[in-house]
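Student: Sequence:
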Amino acid sequence: MRSRERLAIIWTNFGPYHMARIRALAPHFDVHAIELASYQRLYRWPERKPDIFVRTLRQGAWEDQNQLSVAVDLWRQLSALRPRIVLVPGYASLPALCAAAWGRIHGAEAVLMSESNIDDQQRSTLGEGVKRVLVTSLFGSAIVGGRRAASYLEFLGMPADRIARRYDVVDNEYFSRNAVQHRSSLQESSNGKRKPYFLYVGRLAPKKNVSTLLHAFTSY
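Start counting the sequence shown at 1; every next residue gets the next number (this note's numbering).
Be aware that a few hints might be false.
What the hints assert, rightly or not - Estimated spans, in silico, between C-beta atoms of each pair:
| no. | residue 1 | residue 2 | range |
| --- | --- | --- | --- |
| 1 | Val210 | His182 | 32 to 40 Å |
| 2 | Arg147 | Tyr43 | 23 to 31 Å |
| 3 | Phe53 | Glu128 | 32 to 40 Å |
| 4 | Ser219 | Pro159 | 44 to 52 Å |
| 5 | Gln181 | Ser3 | 37 to 45 Å |
| 6 | Phe155 | Pro27 | 27 to 35 Å |
| 7 | Leu214 | Arg23 | 27 to 35 Å |
| 8 | Glu109 | Val169 | 14 to 22 Å |
| 9 | Ser79 | Gln121 | 31 to 39 Å |
| 10 | Pro46 | Gln181 | 16 to 24 Å |
| 11 | Arg44 | Glu128 | 27 to 35 Å |
In case anyone wonders, no lab produced these hints; they're calculated from the structure. Predicted, not measured: the structure shown is a model, and the values here were computed from it. All C-beta atoms, glycine included, are put in the ideal place defined by N, C-alpha and C.
Could you put together the complete structure from these sequences and hints?
Tutor: Here it is in structure tokens:
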């Protein structure tokens, strides 16, 4: 039986859909999950990961950590694990750049995980030039959420044939099971039909524009 390649997946702090990614990778790779901090104020994911072993480099909020110190610890962790593939969470933090550099130096495949689009925020010529250097010099391939994210990486110099799009995943079984349970508990209206409902899954943050959904539901 052929041994599976060792893969390290790194994230600031693993949330539920990150767990789904790890579960999807596990049948195909020897997966090692490394998170930089035990929680992040931006998302506040639950800290408990009952079925997956996660190496946590720092206890406490990510926002309180010294990035250089975390990057040094991450380098040591990767040197101990010696993965063949490193999934890197973007290029905006020092630990992420450290992980990509570790991969380049040690002959491992550094895979960029990205969902950025060219028009999701203001861009500067200098900033985009720096990103182009980072993307082309540190990463051998990428996995993105969709066509627009892929186009942006191509703009930054990543060859199209080195970009995969199956980045966004969910635990289908979890949602199917809970949807069945929820539908069975719905009240029926006076005409014998079940009352319709809207489902939103995401952060309650202004950038998610939940207020528009609430207004639409009210109109409906």
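Student: Now tell me if each hint is right for this structure.
Tutor: Going down the list of hints, with the structure as the test:
1. At about 20 Å, the CB distance of valine 210 to histidine 182 disagrees with the hint of 32 to 40 Å.
2. Take arginine 147 and tyrosine 43: their Cβ atoms lie about 25 Å apart, and the range 23 to 31 Å holds.
3. Checking the proposed 32 to 40 Å range against phenylalanine 53 and glutamate 128 shows it holds: the Cβ atoms sit about 38 Å from each other.
4. With their beta carbons about 46 Å apart, serine 219 and proline 159 fall inside the hinted range of 44 to 52 Å.
5. Range check, glutamine 181 to serine 3: Cβ separation about 40 Å, and the 37 to 45 Å hint holds.
6. Our hint of 27 to 35 Å for phenylalanine 155 and proline 27 holds, since their Cβ atoms are close to 34 Å apart.
7. Checked against the hint of 27 to 35 Å, the C-beta distance between leucine 214 and arginine 23 comes to roughly 33 Å, which is consistent with it.
8. The hint said 14 to 22 Å for the Cβ distance between glutamate 109 and valine 169, and at roughly 20 Å that hint holds.
9. Checked against the hint of 31 to 39 Å, the C-beta distance between serine 79 and glutamine 121 comes to roughly 35 Å, which is consistent with it.
10. Distance hint for proline 46 and glutamine 181: a CB-CB separation of about 20 Å, consistent with the stated range 16 to 24 Å.
11. The hint said 27 to 35 Å for the Cβ distance between arginine 44 and glutamate 128, and at roughly 32 Å that hint holds.
Of the hints listed earlier, the one the structure fails to meet is number 1.
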